[in-house]
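Residue numbers (the working numbering), protein chains in the order written: chain A, 1 to 355; chain B, 356 to 710; chain C, 711 to 1065; chain D, 1066 to 1420; chain E, 1421 to 1775.
A hint or two may mislead.
What the hints assert, rightly or not - So these bits of chain B aren't anywhere near chain C, every CB distance computed over 12 Å: (1) V390; (2) L406; (3) G415; (4) D424; (5) E430; (6) T431; (7) N463; (8) S517; (9) E564; (10) Q595; (11) R628; (12) G685; (13) T688; (14) K707; (15) W709; (16) L710.
To be verified - Which bits of chain B does chain C cover? Going by a derived footprint, with three or more residues having C-beta under 8 Å, they are: (17) 543-557; (18) 608-622.
For the record, the hints were derived by calculation from the structure and aren't laboratory data. The structure displayed is predicted, hence computed values, not measured ones. For every residue, glycine included, the Cβ atom is placed at its ideal position computed from N, Cα and C.
Here is what each chain is made of, one letter per residue.
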Amino acid sequence: MKKRLLKKRSKKVGLAPGTLIFVGRQKVDTASITVLDYDKKTFTETQPKTLDECLTYKKGKTTTWINVDGIHDSETIQAIGKAFGIHQLVLEDIMNTDQRPKIEEFNNYLFIILKMLYISEESQEFTLEQVSLILGDNYVISFQEKPEDTFGAVRERIRGASGRIRESSSDYLVNALIDAIVDNYFSVLERFGDKIEILEETLLKDPNEAAMKEIYHYKREMILIRKAIWPLREVISTLQKTGSFLVREETKIYLRDIHDHTVQIMDIIESFREILSSMMDIYLSTISNRMNAVMKILTIFAVIFIPLTFIVGVYGMNFENMPELKWAWGYPTVWGVMIVVTITMVGYFKRKNWL
Amino acid sequence: MKKRLLKKRSKKVGLAPGTLIFVGRQKVDTASITVLDYDKKTFTETQPKTLDECLTYKKGKTTTWINVDGIHDSETIQAIGKAFGIHQLVLEDIMNTDQRPKIEEFNNYLFIILKMLYISEESQEFTLEQVSLILGDNYVISFQEKPEDTFGAVRERIRGASGRIRESSSDYLVNALIDAIVDNYFSVLERFGDKIEILEETLLKDPNEAAMKEIYHYKREMILIRKAIWPLREVISTLQKTGSFLVREETKIYLRDIHDHTVQIMDIIESFREILSSMMDIYLSTISNRMNAVMKILTIFAVIFIPLTFIVGVYGMNFENMPELKWAWGYPTVWGVMIVVTITMVGYFKRKNWL
Amino acid sequence: MKKRLLKKRSKKVGLAPGTLIFVGRQKVDTASITVLDYDKKTFTETQPKTLDECLTYKKGKTTTWINVDGIHDSETIQAIGKAFGIHQLVLEDIMNTDQRPKIEEFNNYLFIILKMLYISEESQEFTLEQVSLILGDNYVISFQEKPEDTFGAVRERIRGASGRIRESSSDYLVNALIDAIVDNYFSVLERFGDKIEILEETLLKDPNEAAMKEIYHYKREMILIRKAIWPLREVISTLQKTGSFLVREETKIYLRDIHDHTVQIMDIIESFREILSSMMDIYLSTISNRMNAVMKILTIFAVIFIPLTFIVGVYGMNFENMPELKWAWGYPTVWGVMIVVTITMVGYFKRKNWL
Amino acid sequence: MKKRLLKKRSKKVGLAPGTLIFVGRQKVDTASITVLDYDKKTFTETQPKTLDECLTYKKGKTTTWINVDGIHDSETIQAIGKAFGIHQLVLEDIMNTDQRPKIEEFNNYLFIILKMLYISEESQEFTLEQVSLILGDNYVISFQEKPEDTFGAVRERIRGASGRIRESSSDYLVNALIDAIVDNYFSVLERFGDKIEILEETLLKDPNEAAMKEIYHYKREMILIRKAIWPLREVISTLQKTGSFLVREETKIYLRDIHDHTVQIMDIIESFREILSSMMDIYLSTISNRMNAVMKILTIFAVIFIPLTFIVGVYGMNFENMPELKWAWGYPTVWGVMIVVTITMVGYFKRKNWL
Amino acid sequence: MKKRLLKKRSKKVGLAPGTLIFVGRQKVDTASITVLDYDKKTFTETQPKTLDECLTYKKGKTTTWINVDGIHDSETIQAIGKAFGIHQLVLEDIMNTDQRPKIEEFNNYLFIILKMLYISEESQEFTLEQVSLILGDNYVISFQEKPEDTFGAVRERIRGASGRIRESSSDYLVNALIDAIVDNYFSVLERFGDKIEILEETLLKDPNEAAMKEIYHYKREMILIRKAIWPLREVISTLQKTGSFLVREETKIYLRDIHDHTVQIMDIIESFREILSSMMDIYLSTISNRMNAVMKILTIFAVIFIPLTFIVGVYGMNFENMPELKWAWGYPTVWGVMIVVTITMVGYFKRKNWL
């Protein structure tokens, strides 16, 4: 299935800002919520049926991570928004999966939109999924389009109390989630790089029209992926420089690390784009080369045989008065002439390095 | 009808700045004015015949939205300008439909020029229409070239008192109008995206000269649309950062949202441009590929038959002394030789992967 | 006459800075001076023979506009420079018509260099002419290469006391002169746009080598025009932000208007450049398409007739023992075979969509 | 062996930041450590087996340079990190050889990552190796992937007490190490330049498909090298402007020198890229030229002989009633006609400058 | 002789910064020194054999210009460096002719590196020569690779006491020297422009492979010249804004003039680059056009004669039973058919506008 260039958001035209309308393709049937609540010592993991269960965690001093899989249900989103005092425009953005990555600061929370990049198992296509994060004082809410295991490792680290994560507060959790997403870019781009290298091999050995279409396909993917990832750099940079009390100084050194990674990812994407462009050049010049080769073969055959055919044509004429025809050595002489002509021609092409 | 690259503004050459001359194509016969006057509780909608009717609203505390459809009539514009104390250069700009989007701050009003993008129903062409907005303390004046329903939804929201609009002041109305225009960009670009995807399909399956001309056509559209939309980002950004008392703090968060949208629109346009460029490459390489195929067919036929034709030519010669002609097995032998030659050639092309 | 890429300024090499040497092509025989002296109530227009006549106006409180047509005469320039206390480097720049647009601030005057763009009547070529302006407290001196009527409308406005011009001081006059030059760009670019559109039509209907040379010609023009106009934006911007007492606040709003125009002009030039580039692509792909068509015709004819010619060649052989030749139905059979071959081939090309 | 576009770092996905995992290709069996300890008067060089030996130098006032060859052993890295109080994220970066060049400031040390560029002796390929430097108050720790002699000259200067190096502190040592790396870029780029010039020669004399593939290969190398070196400029610039007490003022003038060199190196790489692009153009147009030449030869032969073959075909017909066949001068007349046709054709091609 | 892309500086690898090694091609046998010492009233010109002679001028209040031709002799450079207290890194840079233009400020002198561009008389190639300037309080030291007459005019002005130069101090002398170098760029670029225009003429009239190679050659030159001149703008700009006491305010207005010139030179180089790129396009499309023309000729001949040759082939067959052969009007009928076929074909090509 070909990815669409744009998601249909036209149904939003004419609505007041803040109206909750899902923009995107619905990927799960019902939204499900998972809550992890932890501090250094305690850890609880629940899958609450109702929202009220979530809210009990809000007041404690522990860090609460509420993960929502499935964002097409405006009622759930609206309820969460109301419970945590989130601005209506933020809720609108969460439900619109056609957003650029961005960060917005509010008085008591930060709102971050990111794009998750993964390779779908069935179609082997690259797919972008929108992730929204809300970082509050002692809670983090994450919204995904469907359950993905990108955050699985973070969950494991919390469960296993490995690393700093259980000892740190909500901003470190957000940092860990972003880190998981960005790390995932690397593994996807690695696979992309492998594909490009295979294509490169094909192209240098035996370029064909399928290869050209693949180059086009990858260039198009790169344009779309780049559009989705490019603003990420700014998001991380803003997060790193924010004056908000929500991001602690000791977390910022980890954000610097992520920032380095995003810069690196943009570098990789740019390199891929340039390499793909060069590959197109190679393809075009190979086609030209081949046409040259074809033309040479045609020309060699034509140039050698056309004069010979003319010569035999001459002695196929039916004039009564053609003295050569009666000569005893006429026929062998014609053969001699033809051999000389052929040798001359072959020599000519040899000198031109065509043979 | 092909769009002109530039509008004829040469009639303005030599005139003093501030002279009111309509630049553009007149789209309606007579200018019509609609006035919506509202606050939280009250709402009036009139279509005044004279300007004086409008002015009665100016002094009240309610918010007044005066919408002018048709801007070719310099007398009306001049009268409005005089009534609301608007600078002569602003009036000139309103009547000149060849303006870039821009914002200008004056002591007691802000002046904004925007481009509305829509698809004309008859010609299926993309058309740009200029919209000028004047934001005063308790009034908004909007000037359109012809009545369009882009603002219809805003009007409905006012009438229906839905959303925040009736509770907010004139700056929120301006925000709503800009939002309507920007939302409309998305729906137009969506249709553009659909067309590009159809063209892409054609191109990968069966590229032809019409497809190439379409690519060119879209590239040209993109150049012109981009020129018209590009400055919008700066306009919104200026509006967002303005120190003017006319734009309230609570409105700025909505402007931030619009700003995000404009950035996204520019991203989309850039992606489209890049994709169209890549499509041109595909087209060119497909043509080359085809030529290659044509040449191969010609070469295969020529290379196989030219030697054969030469051979039969040889035995068409009329020499009296050609011993082969008298051999009993001469004719079958020639056939044998010709079959060997053909098999050799076919084998050669097989080895070259041409067959 | 082809425009030169560069003007010969090599005669300046080795001279001390400030040496007055005319660089350019002399366009008038003798320099002529026109003086307009005016305030709200009075107006005088003279064409003084000597410079001393000019100087009488210098002391009055009226605004004086001294316009010099022809700048090749270093004595006149030097005399004016001395009379008005103008720096030697400024005088040098005035006489060197190969300058970039620029603005320089001095204690008691501003020096501005601009490029006038017009279409020469005889050759229909775009030509650039340098205009230097000196803005003093109550005087403006303008230097042109030859008398042009671009400033004619400004002169008329002064004579007719129309608009604000007679009520304003020297900075408004400079603003009016720059505005006249910039407005003129629009009308020249309009004509350029018309030419590009005609060329576009040609290109899409019947591209030929002349069209390609025209594209090249326009691209080259655009490169040179852009080089000449690009710095203008900065000039106007500097003028607008200057702290000099010479530019009054009420004039700056008019400069903002001109600044918008220069930005728009650069936009137009960039669009033209991009459109011309796309047109070149179209041209190249059309040539390829045509070659394809030519090759197809050749291939169709060759592929159909080459086997037929071979067949008739076979039965043109003179072997004594060729049984087919004696068959009663031999000749019709050969025709039958040939018709079958032809139908097969035509069918093949039909299936390939070549016919 | 083709270089991979990306190093496999996917094994890091899901791990907590700060986990030590080696990313890259292991180049030595066991890590080895060399310690140089010196001041103006004393000098010691040891190859300690255990880390504790290193630490004895840490407290003295002499400058200590600890060089670690081989970074795949996480235990060693961890031990060093602990001994010198280095942040866990820094250790992680040291072991991940897929880093961009960067600089990070900590309270009591600076951390610098650079790329060493060298030409491998066996494969003649350009290879990038990561070097990490830690600049402390009186020590420098350098980490290399394998022992290279790039730092050999610095070691020699320390041993021989030549230049300022023995009199200066640790920051000067870091400066010397960076200088050695940057100087090495020049020598590698020189060899690259030589190869490009040889390729250029080939291309202008006798372009072939191998040359095209070489151009592609070099363009690809340049893309990857540029990606690795580009951030270096910023690293040096940050180092030069740092307010850290670790970099003394008298060292900064040497850093300015290195900064100039990095700018120059980027200039060189850009020039190479542009030249390689132009070379591709040359290659493409040469192929086209050649095809033209091939086609001309074919056309000349075909156009001359096709009419002649037709003529002799005419008189090969077997009509009973062909009066020309019985004419005494028929045969010579046909020859005459054929000679006239040939001369006409040759003349035609001469006039077209094809012969 | 082809210019090398890079100068061999690899011999510097591994040396301590500040080591004096000549990098470049030695252009004179022995270095020679010329000293001009002047103030408003006095003037001395000497060619001292020993350095000590120079030093006598150092203490006076007059301005001293020491010009060194030939920079390969490290002893002389070292001696001058010691006498005038110049930093070791500066001396190193003076001897390394592969520097970018740059400016460095020291406490009591400024150090400037520039590139002189000239056309060598023998080879008509553009050559870059490095010039280093040291501006001290009352002295200027200039280092050239070999004696060139670019500074001749400045020398003449000092000798002849013409212009301001004798009345001004050392900074004005440096300004005059830079001005001489920059003015020289104009004259070299003028000659370049002439060559490009001649090439353009060739290209539009009769493009050939030599023209293509010339385009490539000029593009390459432009890349290298641009690399050498580009940083100049920054150098002049820094000089203009320096706070150093060495550059007096009254000199800065002259530097502004030079700054304008450098901007103009970069504009010219960019225009040349763009024009050369467009020329390459023209060349490529002309080749395609020509191939089209060649193919058309081939196709016309083939398509007309192939059917005719087939027809005459038919009646060259030797079937016993071919009734047409015995018809009295058989032969003329065949001619009739062939004439009809020919006319049809010619008509077809006429309709296609090929004839």
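Against the structure, the hints come out as follows:
The beta carbon of B/V390 is kept farther than 12 Å from every beta carbon of chain C, the shortest such distance being approximately 29 Å. The beta carbon of B/L406 is kept farther than 12 Å from every beta carbon of chain C, the shortest such distance being approximately 25 Å. Against chain C, the non-interface label of B/G415 holds: every CB pair exceeds 12 Å, the least being about 30 Å. For B/D424, the shortest C-beta to C-beta distance to chain C comes to about 25 Å, beyond the 12 Å cut-off, and the non-interface label holds.
The beta carbon of B/E430 sits about 19 Å from the closest Cβ of chain C, which is more than 12 Å, so the claim that it is off the interface holds. At roughly 22 Å, the least C-beta separation between B/T431 and chain C is larger than 12 Å, which holds for a residue marked as non-interface. No beta-carbon of chain C comes within 12 Å of the beta-carbon of B/N463; the shortest separation is about 15 Å. Listed as outside the interface, B/S517 is consistent with that label: its C-beta sits roughly 37 Å from the nearest C-beta of chain C, beyond the 12 Å cut-off.
The non-interface label for B/E564 is inconsistent with chain C: the shortest C-beta to C-beta separation is roughly 6 Å, within 12 Å. In this structure B/Q595 is separated from chain C by more than 12 Å, as the shortest Cβ-Cβ distance comes to about 20 Å. Not every C-beta of chain C lies more than 12 Å from that of B/R628, the closest at about 9 Å, which undercuts listing it as non-interface. Chain C draws B/G685 into its interface by the beta-carbon criterion, the shortest separation being 5 Å against a cut-off of 12 Å.
For B/T688, the requirement that its beta carbon stay farther than 12 Å from each beta carbon of chain C is not met, with the minimum near 10 Å. At roughly 18 Å from the closest C-beta of chain C, the C-beta of B/K707 stays outside 12 Å, upholding its exclusion from the interface. Every C-beta of chain C lies more than 12 Å from that of B/W709, the closest at about 14 Å, which supports listing it as non-interface. Every beta carbon of chain C lies more than 12 Å from that of B/L710, the smallest distance being close to 14 Å; the non-interface claim holds.
Under the rule that three or more residues need a Cβ within less than 8 Å of chain C, the assignment of the region 543-557 of chain B is violated, with 0 such residues. Judged by the Cβ-Cβ criterion of 8 Å, the region 608-622 of chain B is not covered by chain C as claimed, because only 0 of its residues qualify and three are needed.
Against the hints set out earlier in the document, violations occur for numbers 9, 11, 12, 13, 17 and 18.
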